[in-house]
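*Asks:* Listed here are the chains, written in short residue letters.
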Amino acid sequence: MNSLFRQRLPQLVTAGIFLLLFAAAGWRYHEVNFASAPNVANLFIGNACLGIIAVGMTLVIFSGGIDLSVGAVAAFTNIFAAVLIEKHGMNPLLVILASLAIGTAFGAAMGALIHYFKQPAFLVTLAGMFFARGCAYWMSTDSIDIHNELFLKLSRDTAKIGGDTIHPLPAYVFLVVLAFGYVLAQHTRFGRNLLAIGGNEQSALLMGLPVGVTKIAVYALCGAGAALAGLVSTLVSGGDSTYGIGLELDAIATVVIGGTLLTGGRGHMLGTLLGFLIIGTIQSAITFDGSLSSWWTRIITGALLLGFILFQRLLLRATQKRLP
Amino acid sequence: MAAVEPSTPPLLAMRGVGKKFPGVIALSGVDFTVRAGQIHALLGENGAGKSTLIKVLTGVYAPDEGDIRLASQPIRPASPRDAERLGISTVYQEVNLIPTLSVAENIGLGRQPGKFGFLNWSALRRHARIALARLEIEVDVDAELGSLPLAIQQMVAIARALDLQAKLLVLDEPTASLDEKEVDELFKIMRQLRVAGLGIIFVTHFLDQVYEVTDCITVLHNGEFVGEYPTAGLGRLQLVSKMLGREVSDEEGHAAEGGRSAAVGGRPSSETTVPLLEACQLGRRGAVHPLDLTLRSGEVTGLAGLLGSGRTETARLLFGIDRADTGEIKLRGQPMKISSPRAAVQKGLAFCSEDRKTEGILPNLSVRENIIFALQAKRGAWNTLSRAEQGRLCTHYIQALRIKTGSPETPIKNLSGGNQQKVLLARWLATQPALIILDEPTRGIDVGAKAEIEQLIAKLRADGVAVLFISSEIEEVVRNSTRIAVLRDRRKVAELSGGEMELHRLLHEMAGVAKTHE
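Chains as they are written, first to last, in the numbering used here: chain A, 1 to 324; chain B, 1 to 518.
Bound-form chain B, shown alone:
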């Protein structure tokens, strides 16, 4: 299947790699093969096991099972340092260098030239200059790293990685914070290295980049190996469906559509009603390209797209967590500035964050305190809720959302993920929002709780609340939405409603392949 004839021994061969964490099987039976002179994309959605696989390869984790060979030699890297010694160098998404030291030092750290333990500074600088010149990067080697643009820091990280006589270079989402020009620079370097015979593993969320620069693709899903494909022979639609863990043929796409109950999402309301919130050319450099989005009361707007397509970024702009560079927002027809989440809450917006562990729950506080938190913030510090009122609210939501908790005073960290999520929903519902943004509300919770959350979304819609629903599970989006905005590579590429909202069509839009005639 590989692009290169199988007779050349692969540079890296990982076979049957498995890794378990308490309660989770992160990898099971994964094969991964990289050849010299090849740029190999490693793709998969959240939880697919990409980063675990990379960490096994670079010695951060020890695999529970499986076999790793580098140039036919069995290896078992015990630490990143060990992996580097073997010739596996990694450049991470966040530049893992020392911002307070100079460029030269960052390239040389740990292997500075010198005698008897003393450093030879001029040799260090010369060495750094050579390493940078090889990549055609022009930068002052005495400059403090932290004072340079991120893209340059990234290049310095690559220069350091290559300086280690690397055979295999792992680039873990290196383009996440780069702009187009910088990405081109990076690709130029990658192609140069490919000619030099390096094996390159490229992890990214941007499909355009995959097709632009890679030779080969390995797809993982839910910790399992889906397949290895030559990039040229795998269409976008096929790729996306493999990443989402399904084989979609035309027939199946329609079958999935048939499974959708039309009543759940509701019909789009008449276009003549005043929309609750209109975003016009809303965008932020490095997050999302300017987009239009209209949210109506009594409608669920689904936001579909692959990981990294700009879904969460869009939600963050609407809620004022990040400031938009362009565009404006109108609320009930009135132009409005949302400068902070606090302002958004005052205006009747609510945001249930994707990352409930770090951005949502206050783990040591009780269910009651977690529920009243946002409402209290909205009312202000001086206008406290009486204890009786708090109790009434909590009892109401614990019953209404069927939150399974010992008592309202149980610390929230003792609840299951699904129940924590419901507490977070209750927190925002207590503020009686006009618009609620649900970012991946069903991630990591069990099937029963998922169904309940879906029922709740339907109820909110019926009550006339505007809902913005973000989910990686596209069936869920199709099932619950009145209309769906599709994002791809940080742009809004389509808005679907009514009969257009079917799985196959959605996959086409997400993958960026024009839908052929039906």
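The following block holds chain A by itself, in its conformation from the complex:
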């Protein structure tokens, strides 16, 4: 039991920080009902795209990789869908499928480059980021409003929570993606192979695990996630090729604050949910405060991130000290 506790310590710490932050914000802004159900729901809705991307990023980081292209890929599918639907009047379902296929194929192609040419994921996905962002600008540099019936219907879908009306679809998408990611990571061979590859790729190879396929598949999944996030953002705010600049870095921060080791091999999908909640709580608290500027989100995120990296280093050192 002790060993399980030890392994889960980063996630437990994250959970503790989240509860502390949420309680503090709830107490500080209790007159404006910070800790209310609608606010929590809005936290999920407002950050859904980040969350969806963070799930894919978690899987990639499990495998010891990184994907810097996700923000740009999301921007590409965002504008791609908007242009095809609004300017060319194409069937929205077809466009959704095509967008997801492009994101998946793009991710798979990067994965293949990383695996077969033994290139660092950082470089390949950095190139992918420039490429996808460029393609997004190429599609259109104007922002495009969506008038398509299906998209409007989806975005206007409402739910009642605590007396407030919200548009919950993005949050639903995120929760489904999260559940999918959780099951994939914890309860399938694929998920465990990812962690094995991140733990020691050479060993994974010698253990006879399908390293190449797994690596390519995880970038494909991450690309699909980014494409989905792009579609959700089109739904929420229309086509915009400047969407998601820096989103990849937010996603990495979310994953690391969630207690996943950036070098791979160790982590938990629920940690990413906690990281997501922490970042969401900070953002939401700053919005509620009104007197604080938005950059405080970044300053606090930065401090938390740094704290976490140091914490993991210490944890690692404590583990190693037990060796003879």
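Keep in mind that a hint or two might mislead.
Chain B residues, not near chain A, derived (Cβ > 10 Å throughout) [unchecked claim]:
| no. | residue |
| --- | --- |
| 1 | D208 |
| 2 | I321 |
| 3 | D322 |
| 4 | S340 |
| 5 | E359 |
| 6 | L365 |
| 7 | E369 |
| 8 | D489 |
As a list, the in silico SDA-like pairs of lysine to any residue whose alpha-carbon atoms are at most 25 Å apart [to be verified]:
| no. | chain 1 | residue 1 | chain 2 | residue 2 |
| --- | --- | --- | --- | --- |
| 9 | B | K115 | A | P210 |
| 10 | B | K115 | A | L270 |
| 11 | B | K115 | B | A161 |
| 12 | B | K413 | B | A388 |
| 13 | B | K167 | B | P9 |
| 14 | B | K55 | B | E94 |
| 15 | A | K153 | A | T165 |
| 16 | B | K167 | A | G208 |
| 17 | B | K115 | A | A179 |
| 18 | B | K20 | B | E473 |
| 19 | A | K118 | B | A62 |
| 20 | A | K118 | B | G110 |
| 21 | B | K330 | B | D463 |
| 22 | B | K55 | A | A179 |
What the simulated footprint calls covered on chain B by chain A, stretch by stretch (three residues with Cβ under 8 Å from a Cβ of chain A suffice, anywhere in the stretch; the number is not a length) [as the list claims (entries may be wrong)]:
| no. | stretch |
| --- | --- |
| 23 | 67–81 |
| 24 | 96–103 |
| 25 | 116–124 |
Calculated directly from the structure, the hints in this document are not laboratory data.
Nothing here was measured: the structure is a model prediction, and the numbers come from that model.
C-beta: ideal position from N, C-alpha, C; glycine also.
We have chain A; now place chain B onto it with these hints.
*Replies:* Below, chain B alone, put in the same frame as chain A:
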């Protein structure tokens, strides 16, 4: 020749296996036979082809020629996974598991129980517990592997290997990082498996372990098959001479001694002179047992021993690369602490590493930069050498050591191995050391360059430098040394000087067989 009657078909039969790499014939015409219920030692010195043979067997390399049969069926494993499927499981020296995952996961990875692609965690844990219990290992299956002692990790690796319904278990230097008690545990498991009818291939450098646990020995030398022998019928001396690629009878041993030119090694200086460096009970757990070693100015001390006997480890302790657990070092009679290579350089020590590719040359820098590197480090960053001084030094050493290079500005990676080695020597000579440690300075270089390096050693000795000379070629050690310290199984077992330094005597000491009366 085998211990078992030839009528039983062998579990593994490799015949005429050959493998070439660019410029190197790693294996040629190697036969290797393992029977069920047998622990078979695969032995040989560096470059003998053991690891290539293992890699051919486990599907890492494809052989260029030859034929492999497992239980009479021809096989050609294309990957480690393929080999595992055929029933050949391997446990490597470095534990090749995933340190960040739990013990249970490490045992089950790739073949976890479950349905429809979903894992059954409780079955996974149960399965792991059973696999470990079979080997009588007690360990928490939920523990993260990396937090466990290396020996336990090794056992987990074996549990994983056996879990694959293995017929043949390959143990590639599994004992290198284990202590005696842990080795005993491992041997217990190996004997258990032998009774269960597994074939076990055991690669090791420790001859005591070979005699303790194996039934049969196959010796390779320079990529060629030397022979297969029942362990009980092969004496240590015979074994060592086969590993070194020679058949030494008494007569030949003396003949080799006759070939030694007494002038090269020099006479031991009077014992009354103050030694340059004295190591007293210097040792490090897991590297070398405490040993005494005295190095004198104007003497070449040879360090002889088989691979893994602790030669390099001793040198690393002297130079402060590894920290000694016990003992002390005196320099010119003064106690001294060598805490880092940097401190050693400041005190006039120099170390020419065995592995020049990864620990020596800076491949993309020029010959000049490679030469001045250590001297500059010794002087400190602020006390730079002028370009003219650098040039003078380089020209001097390029001429003195006859380094064949286009110009001092040629990148060192373009030079031949022998010339790279000379540049490394020049690097250390430029610091004008009082003691230079040469770890395998002649490995992988051609005959001409070898002779030049030997001349250089003689010159250093004549100039009053203390030299510690390590080489796997024992004739070379005999030829160049003033005295020879012999290491065996990480202990210093003898120190020979003068007339005692002859091939036969040295082989006896290295093999650990008492020399009979002459």
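*Asks:* Each hint: holds or not?
*Replies:* Comparing the hints with the structure gives:
{"no.": "1", "hint": "D208", "result": "22 Å, holds"}
{"no.": "2", "hint": "I321", "result": "20 Å, holds"}
{"no.": "3", "hint": "D322", "result": "15 Å, holds"}
{"no.": "4", "hint": "S340", "result": "21 Å, holds"}
{"no.": "5", "hint": "E359", "result": "21 Å, holds"}
{"no.": "6", "hint": "L365", "result": "24 Å, holds"}
{"no.": "7", "hint": "E369", "result": "27 Å, holds"}
{"no.": "8", "hint": "D489", "result": "20 Å, holds"}
{"no.": "9", "hint": "K115(B) to P210(A)", "result": "19 Å, holds"}
{"no.": "10", "hint": "K115(B) to L270(A)", "result": "23 Å, holds"}
{"no.": "11", "hint": "K115(B) to A161(B)", "result": "23 Å, holds"}
{"no.": "12", "hint": "K413(B) to A388(B)", "result": "24 Å, holds"}
{"no.": "13", "hint": "K167(B) to P9(B)", "result": "14 Å, holds"}
{"no.": "14", "hint": "K55(B) to E94(B)", "result": "15 Å, holds"}
{"no.": "15", "hint": "K153(A) to T165(A)", "result": "15 Å, holds"}
{"no.": "16", "hint": "K167(B) to G208(A)", "result": "17 Å, holds"}
{"no.": "17", "hint": "K115(B) to A179(A)", "result": "19 Å, holds"}
{"no.": "18", "hint": "K20(B) to E473(B)", "result": "24 Å, holds"}
{"no.": "19", "hint": "K118(A) to A62(B)", "result": "21 Å, holds"}
{"no.": "20", "hint": "K118(A) to G110(B)", "result": "23 Å, holds"}
{"no.": "21", "hint": "K330(B) to D463(B)", "result": "22 Å, holds"}
{"no.": "22", "hint": "K55(B) to A179(A)", "result": "42 Å, violated"}
{"no.": "23", "hint": "67–81", "result": "holds (count 3)"}
{"no.": "24", "hint": "96–103", "result": "holds (count 7)"}
{"no.": "25", "hint": "116–124", "result": "holds (count 4)"}
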